[in-house]
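Assemble the complex: chain Z is given as a structure, and chain F with the ligands must be docked to it using the hints.
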Amino acid sequence: MRNNSTKLIFLAVLAIICILLYAFYDIKGGFDYAFPKRMMRIGAMVVTGVAISYSTVVFQTITHNRILTPSVMGLDSMYQVVQTLIYFFAGSLSIWVLNKYLNFGASIIAMVLFALILYRFLFRADKHPIYLLLLIGMILGTLLGSFVTFLQVLIDPLEYLSLQSRLFASFTKVNADLLYIAIGILFIAFIYGYRIMGKLDVMSLGRENAINLGINYDRMVMNILILSSVLIATSTALVGPITFFGLIVANLSYQYLVTYKHSVLILGASLISIIALVGGQFLVEHIFELRTTLSVIINFIGGIYFIYLLLKESRSAG
Amino acid sequence: MIELKGLTKLFGKKPVVEDVSVTIESGMITSFIGPNGAGKSTLLSMVSRLLDADTGEVLLDKESVKKWKSSEFSKRVSILKQANHINVRLTVRELVSFGRYPYSKGHLTAEDEKFVDQAIEYMNLTEMQDKFLDELSGGQRQRAFIAMVIAQDTDYILLDEPLNNLDMKHSVQIMKILRKLVDELGKTVVIVLHDINFASVYSDRIVALKNGKLVKNGPTHEIINSDALREIYDMDIPIQEQNGCRICVYFNSHTEAK
Ligand SMILES: Nc1ncnc2c1ncn2[C@@H]1O[C@H](COP(=O)(O)OP(=O)(O)OP(=O)(O)O)[C@@H](O)[C@H]1O
Ligand SMILES: [Mg+2]
Chain Z
1 MRNNSTKLIF LAVLAIICIL LYAFYDIKGG FDYAFPKRMM RIGAMVVTGV
51 AISYSTVVFQ TITHNRILTP SVMGLDSMYQ VVQTLIYFFA GSLSIWVLNK
101 YLNFGASIIA MVLFALILYR FLFRADKHPI YLLLLIGMIL GTLLGSFVTF
151 LQVLIDPLEY LSLQSRLFAS FTKVNADLLY IAIGILFIAF IYGYRIMGKL
201 DVMSLGRENA INLGINYDRM VMNILILSSV LIATSTALVG PITFFGLIVA
251 NLSYQYLVTY KHSVLILGAS LISIIALVGG QFLVEHIFEL RTTLSVIINF
301 IGGIYFIYLL LKESRSAG
Chain F
1 MIELKGLTKL FGKKPVVEDV SVTIESGMIT SFIGPNGAGK STLLSMVSRL
51 LDADTGEVLL DKESVKKWKS SEFSKRVSIL KQANHINVRL TVRELVSFGR
101 YPYSKGHLTA EDEKFVDQAI EYMNLTEMQD KFLDELSGGQ RQRAFIAMVI
151 AQDTDYILLD EPLNNLDMKH SVQIMKILRK LVDELGKTVV IVLHDINFAS
201 VYSDRIVALK NGKLVKNGPT HEIINSDALR EIYDMDIPIQ EQNGCRICVY
251 FNSHTEAK
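Residue numbers (full-length UniProt numbering), protein chains in the order written: chain Z, 1 to 318; chain F, 1 to 258.
To be clear, the hints were calculated from the coordinates, so they are not data collected in a lab. Don't take every hint at face value.
Stated by the list, open to error - Calculated cross-link-like contacts (lysine-lysine; reagent style DSS-like; alpha-carbon spacing at most 25 Å):
#1 F:187 / F:176
#2 Z:261 / F:114
#3 F:66 / F:176
#4 F:75 / F:62
#5 F:13 / F:210
#6 F:5 / Z:261
#7 F:131 / Z:261
#8 F:216 / F:62
#9 F:105 / Z:261
#10 F:105 / F:67
#11 F:67 / F:187
#12 Z:100 / Z:37
#13 F:131 / Z:7
#14 F:14 / F:66
#15 F:5 / F:131
What the hints assert, rightly or not - Here's a subset of chain Z near chain F, in silico, CB distances under 10 Å, partners left out:
#16 29
#17 202
#18 206
#19 216
What the hints assert, rightly or not - Here are some chain F residues pointing at chain Z (derived, C-beta under 10 Å):
#20 67
#21 70
#22 84
#23 85
#24 86
Just so you know, even glycine gets a beta-carbon here, dropped at the ideal spot from N, CA and C.
Isolated chain Z, as found in the complex (with noise of 0.2 Å):
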């Protein structure tokens, strides 16, 4: 235990200095300008790699596995089909894209009614193979995806370009409003969390071991996947998918800080996000000098990740 202290503190350390180092550097003359600018970025960034750390790790706990996230069942693919619709039916000009809020507040509630739909078909008492789940959310993932694609072909050239910025990730040009109504979600998400991290604890034990300890399990497991679907809701509705981002911060959590407890891991998964997407888009800004953009480099590495873990996981299964 006090070994797992010092890896926090550890992370916690190169997550301030990333912060630091990404705040202040090179900032000499337009320090006016600059600098708030920055801290925007930095709070968009942490409120993203703080959101979907927590989401991931808890959807991971309550379904048993590594390998599936919110993310990769489709919540992504949803963000993308409602943003499309929006242009497709309503236009660039409409009250959905021009008034952030509604836009925002409907991203939201779209994914989060799907991913409700889709864990209550999926995640029913009858146990499904992960696999099968996996294969599911791909299929859906490819579906919703060809979809937004169609429509993106009947869609005027112009409107598309402006639909287009929406659907890469970015933190660059993340709204200030949008941001606090994020930090507020957020905020309330802990609240919740902090009373349900020792039942988490519990339900990973599965569901037999937890009911016989006193775990309202089926009802907390819906509350989780809300909880969940929520917080990866916000995420993207801020900044836009990074669909395999949190597949790695909350994996590379359970390798780094061996341990059951959920205080630990999503501490331990928001720190390495933080020090992945601020470190990260330091290097990108100040290194690559802005040739390639951080969610492309995420994905990249993700995306072989996510291969590797499955390769892994296979062979430990045969």
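Just chain F with the ligands now, with coordinates in the frame of chain Z:
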């Protein structure tokens, strides 16, 4: 007192437990016996809320288990399933400490630690308490799970084939501990056993199931006789008396091919 009233469970259209009514007497060891697939585990799962009955109900202190608050119920009744698999990597002590969750909600007090120590000692695990479960043998792991249930310190302890994987010495040790829990601490134990000699020597009452139906229910001495056993197992089993214990010598019994 736990009462099972007209419990029925269907899997598909097939009833695997059919209209079973039993009263579990307090302060006793009740053994559930019967052939494979008789419905013993299913029945225990319904008593412990792991499974919903299709008809009938289970009452704890005259109140339906469905009406009990989960957290309160878990201080009264505990269950150990026949097969236990845990995804997370835990040490023996961490697992046993989970048994205190109904009381501690994750923050162990000195008293909780005492229960944990004692349960670990009962199960002879003191030396390996800091080992990870996946580093133990099957029987050692089984003992760790039993220790968790003992640490839970409930009035009613339901155990589904706890002697699985255990050698003779540990089987006897565990049965003696259960006897002690009942005789000295007034607990009530319900245990599924396949070795009817353990049932014969250690239990106060025996409940026998066959094809989902209750076929026998009574004090041990009424069930451990050749006639009753033939009805339950379709085997002719001679019984020998040894130091006041009735031992079933079933090893070379004639079995009817089904
Ligand atoms: N989830 C399930 N779905 C369908 N059938 C089931 C399920 N669980 C149990 N059964 C069936 O119900 C019957 C009773 O099973 P149960 O596990 O209660 O038997 P048991 O008496 O505990 O047997 P054993 O001594 O082998 O443990 C069996 O025929 C089994 O095939
Ligand atoms: Mg069984």
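Now the hints, each set against the structure:
| no. | hint | result |
| --- | --- | --- |
| 1 | F:187 / F:176 | 13 Å, holds |
| 2 | Z:261 / F:114 | 22 Å, holds |
| 3 | F:66 / F:176 | 33 Å, violated |
| 4 | F:75 / F:62 | 17 Å, holds |
| 5 | F:13 / F:210 | 18 Å, holds |
| 6 | F:5 / Z:261 | 40 Å, violated |
| 7 | F:131 / Z:261 | 17 Å, holds |
| 8 | F:216 / F:62 | 24 Å, holds |
| 9 | F:105 / Z:261 | 13 Å, holds |
| 10 | F:105 / F:67 | 21 Å, holds |
| 11 | F:67 / F:187 | 23 Å, holds |
| 12 | Z:100 / Z:37 | 19 Å, holds |
| 13 | F:131 / Z:7 | 22 Å, holds |
| 14 | F:14 / F:66 | 24 Å, holds |
| 15 | F:5 / F:131 | 43 Å, violated |
| 16 | 29 | 52 Å, violated |
| 17 | 202 | 6 Å, holds |
| 18 | 206 | 6 Å, holds |
| 19 | 216 | 5 Å, holds |
| 20 | 67 | 13 Å, violated |
| 21 | 70 | 5 Å, holds |
| 22 | 84 | 7 Å, holds |
| 23 | 85 | 7 Å, holds |
| 24 | 86 | 6 Å, holds |
Hint violations for this structure: numbers 3, 6, 15, 16 and 20, all remaining hints satisfied.
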